[in-house]
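Enquirer: Working from the sequences, and respecting the hints, build out all of it.
One line per chain: the protein sequences are A and B, in this order. For the first sequence, numbering that gives the first Met the number 0 assigns the number 0 to the initial residue and increments by one for each residue that follows. For the second sequence, numbering that gives the first Met the number 0 assigns the number 0 to the initial residue and increments by one for each residue that follows.
Hints are all accurate, no fakes.
To give an idea of the interface, some chain B residues facing chain A are shown, with a C-beta separation under 8 Å as derived from the structure:
{"no.": "1", "residue": "Ala58"}
{"no.": "2", "residue": "Val59"}
{"no.": "3", "residue": "Lys68"}
{"no.": "4", "residue": "Arg75"}
{"no.": "5", "residue": "Leu78"}
Derived DMTMM-like pairs: lysine to aspartate or glutamate, alpha-carbon spacing no greater than 20 Å straight-line:
{"no.": "6", "chain 1": "B", "residue 1": "Lys70", "chain 2": "A", "residue 2": "Asp41"}
{"no.": "7", "chain 1": "B", "residue 1": "Lys68", "chain 2": "A", "residue 2": "Glu55"}
{"no.": "8", "chain 1": "A", "residue 1": "Lys119", "chain 2": "A", "residue 2": "Glu199"}
{"no.": "9", "chain 1": "B", "residue 1": "Lys68", "chain 2": "A", "residue 2": "Glu58"}
{"no.": "10", "chain 1": "B", "residue 1": "Lys68", "chain 2": "A", "residue 2": "Asp41"}
{"no.": "11", "chain 1": "A", "residue 1": "Lys119", "chain 2": "B", "residue 2": "Asp9"}
{"no.": "12", "chain 1": "B", "residue 1": "Lys10", "chain 2": "A", "residue 2": "Glu110"}
Don't read these hints as lab results, they were simulated from the structure. Computed from a prediction, not measured in an experiment: that's the story for all the values here. Think of the CB as a built atom: it goes at the ideal place given N, C-alpha and C, for glycine as much as any other residue.
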Amino acid sequence: MFTEQAATVERVSDTSESAARQLATGARDRVRFEEEALDLSDQVYGVARRLVGSREEAEDLVQETYARAFRSWRSFQPGTNLRAWLFRILTNLNIDRGRKVQRTPDMQPLEEGDYFLYNKLEESTSDGNPDEQRVVERLSQDDAVTALADLPHDFRDVVLLVDLADFTYSDAAQILDIPIGTVMSRLHRGRRMLKRTLAESAVEQS
Amino acid sequence: MSDFAFDPCDKCEQMMQPYLDRYLTDGEIREAEEHLNGCEYCRRRYRFEVEFRTFVRSAVVEPMRPELKEKLRALRTPL
Numbered sequence: 000m001f002t003e004q005a006a007t008v009e010r011v012s013d014t015s016e017s018a019a020r021q022l023a024t025g026a027r028d029r030v031r032f033e034e035e036a037l038d039l040s041d042q043v044y045g046v047a048r049r050l051v052g053s054r055e056e057a058e059d060l061v062q063e064t065y066a067r068a069f070r071s072w073r074s075f076q077p078g079t080n081l082r083a084w085l086f087r088i089l090t091n092l093n094i095d096r097g098r099k100v101q102r103t104p105d106m107q108p109l110e111e112g113d114y115f116l117y118n119k120l121e122e123s124t125s126d127g128n129p130d131e132q133r134v135v136e137r138l139s140q141d142d143a144v145t146a147l148a149d150l151p152h153d154f155r156d157v158v159l160l161v162d163l164a165d166f167t168y169s170d171a172a173q174i175l176d177i178p179i180g181t182v183m184s185r186l187h188r189g190r191r192m193l194k195r196t197l198a199e200s201a202v203e204q205s
Numbered sequence: 000m001s002d003f004a005f006d007p008c009d010k011c012e013q014m015m016q017p018y019l020d021r022y023l024t025d026g027e028i029r030e031a032e033e034h035l036n037g038c039e040y041c042r043r044r045y046r047f048e049v050e051f052r053t054f055v056r057s058a059v060v061e062p063m064r065p066e067l068k069e070k071l072r073a074l075r076t077p078l
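Expert: Here it is, written out as C-alpha cells:
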C-alpha cells in the first residue's frame, strides 16, 4: 500500500513536471513568435501608413494588428509564412474598420499603357534624349504619395503588397483572399493608374 | 493571325510588368530579352521602369516612430 502510494506520488510529479516542461516550451515558442512578429513591424507599419489617411490611424491599425496577432498566436502554424499571416490580419482589420477614411473617389482614375509615364516625361523635356535617371528625378515624392492615396482601395491593396512589401502574386492572393488572376489585373491596372496620375502632375509642373 | 500582326514594341510594353515581376515563362522571358536586346526604344523604357519602382518605394516610405515600436513591445505577453 505504501509502495503504491509512493508510485502514485511519483506519477503525479512526473505528470506535473512534463506539464511544466510543456508550458515552458509553449512559453518559449510564444516568446519567439512575438519577437519574430515584432521584427516585421517596420514593414507592417510601412504598408499600414499607406492604407489609411494619417499617421495616427496607421499607428492604431498597427497596434490592433499586433494585439490580435499576439492574442491568436496559436492559430499560426509554425513553419508557414509569418509575414503573410501578419499582413492578412492587417488587411482584414483595415477592411473591418469599414475603411472609414475613404479618401478614394468612386470614379476610377483613367489608365494608359505602361510606357505612358516615360513617354510623357520624355516629351516634356527640352533634352530630346534624356537618360532614365534624370527622367525619374523629375517626379516629386509628394505626388507619388498622393497618387497612391488616390488609387481605389482594391487596387491600392494589391500595389502595396506587391510593390512595397514585396509579396509574390500568390502570397498577395492569399492575404487578400482573391484569385491570383484578380491580383494580376488589379496590380497592372493599379500601376498604370498611378503612372497616369504622376504623368499629369509632372507635366503640369513643368 | 501570326505574331506579325502585333507591333513587337506593343507586345514588349505588355510584357514589361510581368517581366520585371519575374512572372513569365522561360520562353516568354527569352522572347522579351531578345526584343529588349535589339530595341533601344524599349530598353530605355525598361531602365526607366526599374528606376521608377525604386523611386516609388522610397517616396512613399515613412519610418515608424520609436514610440510606436515601444507600444508594440508592450503588447507582448508578460513572462
